[in-house]
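Please work from the sequences and hints to get the whole structure.
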Amino acid sequence: MPAFIDARTVPAGSTIQTDLAIVGGGPAGISLALALRDSGLRMVLLESGGLRFDAATQSLYAGRETGVPYIPLVATRLRYFGGCSNHWGGWCRPLDPVDFEARPWFAHSGWPFARREIEPWFAPAQALVEAGPLIYDDAEKWSRALGPPIRLGSGGLYTTYFQFSKQRDSVLPTHFGERYAGDLKRIAALTTLLHANVTGLKLAGNASTLDRLEVATLSGNRFRVKPKLAVLATGGIETPRLLLASNDVMTTGVGNAHDLVGRFFADHPIPGQTATLVLFDGRIAPYYQLIQSANGTNFRAAFAPGDSFRRARGVPGSLATVEGEVQLDATGQAALAETAGALGIDAASMRAFTLGCGMELEPDPERRLTLTSERDALGMPRLKLDMRISDDDFAHYRNTLKELGRQLLAAGTGMIRLLHSTRAEWLSAIDWGNHHMGTARMHDDPRQGVVDANSKVHGVTNLYVAGSAVFPTYGASNPTLNLLALVLRLADHLKGRFR
Amino acid sequence: MSAAARASIARRPLLKGLLAAAGVAAAAIAAVEGPRLFAPRYAPSPFDDVLAQLPDRENAIRLGAAFLTSVKHFDAAATAGLLRARLRGHSLAATMNDDLLEARLSEARGWVLPESLALLCALAARAG
Chain Z
0 MPAFIDARTV PAGSTIQTDL AIVGGGPAGI SLALALRDSG LRMVLLESGG LRFDAATQSL
60 YAGRETGVPY IPLVATRLRY FGGCSNHWGG WCRPLDPVDF EARPWFAHSG WPFARREIEP
120 WFAPAQALVE AGPLIYDDAE KWSRALGPPI RLGSGGLYTT YFQFSKQRDS VLPTHFGERY
180 AGDLKRIAAL TTLLHANVTG LKLAGNASTL DRLEVATLSG NRFRVKPKLA VLATGGIETP
240 RLLLASNDVM TTGVGNAHDL VGRFFADHPI PGQTATLVLF DGRIAPYYQL IQSANGTNFR
300 AAFAPGDSFR RARGVPGSLA TVEGEVQLDA TGQAALAETA GALGIDAASM RAFTLGCGME
360 LEPDPERRLT LTSERDALGM PRLKLDMRIS DDDFAHYRNT LKELGRQLLA AGTGMIRLLH
420 STRAEWLSAI DWGNHHMGTA RMHDDPRQGV VDANSKVHGV TNLYVAGSAV FPTYGASNPT
480 LNLLALVLRL ADHLKGRFR
Chain U
0 MSAAARASIA RRPLLKGLLA AAGVAAAAIA AVEGPRLFAP RYAPSPFDDV LAQLPDRENA
60 IRLGAAFLTS VKHFDAAATA GLLRARLRGH SLAATMNDDL LEARLSEARG WVLPESLALL
120 CALAARAG
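The listed protein sequences correspond, in order, to chains Z and U. Quick note: the first sequence uses numbering that gives the first Met the number 0, first residue 0, plus one each step. Quick note: the second sequence uses numbering that gives the first Met the number 0, first residue 0, plus one each step.
Certain hints may be false.
Calculated pairs, DMTMM-like style, for lysine to aspartate or glutamate (alpha carbon to alpha carbon, straight line, at most 25 Å) [stated by the list, open to error]: (1) U:K71 - Z:E424; (2) Z:K401 - U:E106; (3) Z:K494 - Z:D136; (4) Z:K165 - Z:D280; (5) Z:K401 - U:E101.
Only some residues are given here: those of chain Z computed to face chain U with a beta carbon under 10 Å [claimed, not checked]: (6) P10; (7) T14; (8) Q57; (9) A336; (10) E337; (11) I415.
Don't read these hints as lab results, they were simulated from the structure. Just so it is clear, CB atoms sit at the ideal spot from N, CA and C, and this is done for glycine as well.
As structure tokens, then:
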């Protein structure tokens, strides 16, 4: 049997038996298959799309959005082999330790484990995204050769470092489908089905075991996959859709006994031009504004609130990047002259820049995906997203930037102007990271989470979720590196289950 | 050449010298007094003692006006009293650093400022 099969050629009505079914051929599904290549497991990887973008397949993603403006559901992800890695920016950074903690001031927070639990898998995840050696904040040691970091007074924020995925022999980040297709084809025990849409998770009569997957193609072919165990690696939007739509045995859907599936949806707001950063002496190391290459990796600096500041001040994660240079208006010139003058600082060489940002949202059960009565071409119910963002989310980030302004002044380095105050101002600048998280959240308690600490769906013995859908809180770091660490941890767990 | 003509010629260098001296004196006066003479004049205010700490009154007025747009109630006298207490025995720079250490911050149209500077600028805006 060839490793890649067009599902339109699978005999209609047939049943494919396998040890493990992986639903979704994005970074999570591909990485899981790669991690299990030597496990001896017979695996089937089901990908809805083909090897290239196809409008008809992509339209299966269409849905409705209400509330705060959000990217159309049909456009915020890609439905072909490689998934969202086909349009990602390659930004990588591990979540911070505080991101995993239960914080009384941060509702619904707390992973079932501390960051150290997934740390062993950061290095192999880093290898998958081809971001070079795992360095991150250690980058400061050698970035100094390019210029010193921006000096900040003691306080809440510090200079942190992103590393960037870069596909071998390409200027682009790693596109998992293109990059790893050859490796997947060499796994003898893996069958990859393209154009294979899983339209239903069929539970056994006891409702506690997954019996089979119903598969359909846009050409009208239908067949089944009967695995011993299945992993949904379909992203933070499609995963709840599949769980909720599979409601023939459990009427509320699979894993949804406590009405959690689809709730707590999150993305990273990335409002543009959140602040103006003024540096009195105009000096800025190049790694703040542009990706730099050194020591076998690509990196760029940003400002982040430290864990102790976040705990003490009760603020979520955020990251601020230095963007383009700007001119000051009359008020800005007055602010600069008066402040620098009063501090006795020569600001004749000043330069000003805009700050971009990535923010963490507080978990909100009402920010959710639900099924509608509309159907797609395969008969699957389409989704509606109720998108919300609270005033507190904006206020927390604003307070973090204000602290950065305080630290810059305290160091005599510069100052900051905060550009947004009202909700309308924030929303006018809003954009999103296309990081879909939280809709099958992880918690040991089935009343608070869809999956347990091993990413297994509560109440179903042989169904798992891989990817950022399981994040109970989101941090400000881009999710791919972190979700891959979780996927690799899951792979080791699955090896243990089959042993 | 008549005697009158000779006297006239002798006076020319003297007049030239006097005019040059007057020119130099005028230039010197302009250099010394010019900035004061042509600088904006501000009406005396009860806050001039603290306003004297500002590096540039015009910039302070502009910044203070921006600060006051987001302040509902501004008590100039109380503010002046607060600033006098903070500035007693301290420079404005030292007072600003104290503000930063204690996270006393204010905003003027989004510009994050040490509170004492923002209040001083607001006083300048009120004083005109």
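So, going through the hints one by one against the coordinates:
With a C-alpha separation of about 21 Å, the suggested pair K71 of chain U and E424 of chain Z falls inside the 25 Å cut-off, and the hint holds. For the suggested pair K401 of chain Z and E106 of chain U, the alpha carbons sit about 9 Å apart, so the restraint of at most 25 Å is met. Restraint check: the Cα-Cα separation between K494 of chain Z and D136 of chain Z comes to about 33 Å, which exceeds 25 Å; the hinted pair is violated. At most 25 Å may separate the alpha-carbon atoms for a hinted pair to count; K165 of chain Z and D280 of chain Z exceed this at roughly 34 Å.
For the proposed pair K401 of chain Z and E101 of chain U, the alpha carbon gap of about 13 Å is at most 25 Å, so the pair holds. With its C-beta approaching chain U no nearer than about 66 Å, P10 of chain Z sits outside the 10 Å limit, and its interface hint is violated. Because the closest C-beta pair between T14 of chain Z and chain U is about 63 Å apart, greater than 10 Å, the hint is violated. Evaluation of the Q57 of chain Z hint against chain U yields a violated restraint, the C-beta minimum of about 41 Å exceeding 10 Å.
Nearest Cβ of chain U to the Cβ of A336 of chain Z: about 5 Å, under the 10 Å cut. The hint holds. The interface hint given for E337 of chain Z holds, since its Cβ lies 4 Å from the closest Cβ of chain U, which is under the 10 Å cut-off. Taken as an interface hint, I415 of chain Z checks out: its beta carbon lies about 5 Å from the nearest beta carbon of chain U, inside 10 Å.
The structure is inconsistent with the numbered hints 3, 4, 6, 7 and 8, although it conforms to all the rest.
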